[in-house]
Amino acid sequence: MESNPDVIRWTRLTHAGWSLYIAATEQGLCYVGSQDHTFDELAEWVGAKYPGAGLVQDDRIMKPYVKELEEYMQGKRDRFGMAMDYKGTPFQMAVWHALCQIPYGKTATYTDIAQTIGKPAAVRAVGAAVGANPLLITVPCHRVIGKNGTLTGYRGGLAMKTKLLELEREHEQAMQMETVEHV
1 MESNPDVIRW TRLTHAGWSL YIAATEQGLC YVGSQDHTFD ELAEWVGAKY PGAGLVQDDR
61 IMKPYVKELE EYMQGKRDRF GMAMDYKGTP FQMAVWHALC QIPYGKTATY TDIAQTIGKP
121 AAVRAVGAAV GANPLLITVP CHRVIGKNGT LTGYRGGLAM KTKLLELERE HEQAMQMETV
181 EHV
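For the sequence shown, my numbering assigns the number 1 to the initial residue and increments by one for each residue that follows.
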């Protein structure tokens with residue numbers, strides 16, 4: 001049986017037009033909200049996932065998570081090294097692991113993810129697992145698109161999904177140009 005943490009620490013990351021609530025257990029980052037999510041939504045999520053846990057604002061403890069997310073937003077980081085504490089069903093965990101394999105600046109379809117996890121007929125279930133991802137940005141569900149190449153649902157809203165994909169494409173191109181210049 002999994003033990004529940006007594007305290008979930010949180011902060012509000014505000015950087016260059018971004019404003020997100022993030023939260024962590026002692027094991028690692030457990031929640032990244034979206035631009036439109038309120039503190040009440042974070043509290044509701046914690047109540048559902050970690051019944052009885054208290055929410056404590058702790059900017060100092062959260063600083064390493066904030067730093068990595070800010071570096072990502074500045075185009076200085078294309079992967080995360082922070083500890084993450086995400087819990088889900090075995091199927092959800094498989095989907096979330098597959099999301100982490102999508103390269104920075106690239107996209108994959110729900111069908112691609114279903115095939116990656118060995119469940120090619122489970123495209124709708126993959127969509128549900130993607131939608132249940134509590135770690136926006138760090139578990140990059142924004143990189144998943146519809147089979148026809150269109151942007152589809154995103155817990156953070158399509159405007160945020162578009163912004164993240166544009167940020168990655170822009171910075172990926174800049175990183176490639178730097179690599180060429182150093183060759």
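Wrong hints could be hidden among the right ones.
Unchecked claim - No more than 16 Å apart at the CA atoms, straight line, and that leaves these computed lysine to aspartate or glutamate pairs for EDC-like: (1) K163 / E70; (2) K106 / E170; (3) K63 / E26; (4) K106 / D78; (5) K49 / D6; (6) K106 / E166; (7) K163 / E26.
To be verified - Across the chosen pairs, the derived CB separations fall in these ranges: (8) L151 / G52: 21 to 31 Å; (9) D40 / E170: 12 to 22 Å; (10) G153 / Q101: 19 to 29 Å; (11) K106 / E71: 12 to 22 Å; (12) D36 / A83: 33 to 43 Å; (13) N148 / Q27: 17 to 27 Å; (14) D6 / E170: 24 to 34 Å; (15) P51 / G75: 35 to 45 Å; (16) T162 / D78: 13 to 23 Å; (17) M93 / P120: 30 to 40 Å; (18) F91 / G153: 12 to 22 Å; (19) G75 / A125: 27 to 37 Å.
These are calculated hints, taken from the structure and not from any lab test.
The beta carbon of each residue, even a glycine, is placed where N, CA and C say it ideally should be.
Status of each hint after checking the structure:
Straight-line distance between C-alpha atoms of K163 and E70 comes to about 15 Å, which keeps the hinted pair within the 16 Å bound. For the given pair, K106 sits about 11 Å from E170 by alpha-carbon distance, which is consistent with the 16 Å threshold. Between the alpha carbons of K63 and E26 the distance comes to roughly 14 Å, so the proposed pair stays at or under 16 Å and holds. Straight-line distance between C-alpha atoms of K106 and D78 comes to about 11 Å, which keeps the hinted pair within the 16 Å bound.
The hinted pair formed by K49 and D6 meets the criterion: a straight-line CA distance of about 12 Å does not exceed 16 Å. Proximity of K106 to E166 is assessed by CA-CA distance (about 10 Å); at most 16 Å being required, the pair is judged to hold. For the proposed pair K163 and E26, the alpha carbon gap of about 30 Å is over 16 Å, so the pair is violated. A hinted range of 21 to 31 Å is violated for the C-beta pair L151 and G52, which are about 38 Å apart.
With their beta carbons about 33 Å apart, D40 and E170 fall outside the hinted range of 12 to 22 Å. Against the hinted window of 19 to 29 Å, the Cβ-Cβ separation of G153 and Q101 comes to about 21 Å, which satisfies the hint. Taking 12 to 22 Å as the suggested C-beta distance range, the pair K106 and E71 conforms, at roughly 19 Å. Distance hint check: the CB atoms of D36 and A83 are about 27 Å apart, inconsistent with the given range 33 to 43 Å.
Evaluation of the 17 to 27 Å hint for N148 and Q27 yields a failure: the beta carbon distance comes to about 39 Å. Hint check: D6 to E170, Cβ distance near 42 Å, so the stated range 24 to 34 Å is violated. As the Cβ distance of P51 to G75 is approximately 39 Å, the hint placing it in 35 to 45 Å holds. At roughly 19 Å, the beta carbons of T162 and D78 sit within the given window of 13 to 23 Å.
Here the CB-CB span from M93 to P120 is close to 18 Å, at odds with the stated 30 to 40 Å. Taking the beta carbon of each, F91 and G153 are about 18 Å apart, inside 12 to 22 Å as hinted. One distance hint, 27 to 37 Å for the beta-carbon pair G75 and A125, holds here, with the actual separation near 34 Å.
Hints 7, 8, 9, 12, 13, 14, 17 from the earlier list are contradicted by this structure; the remaining hints agree with it.
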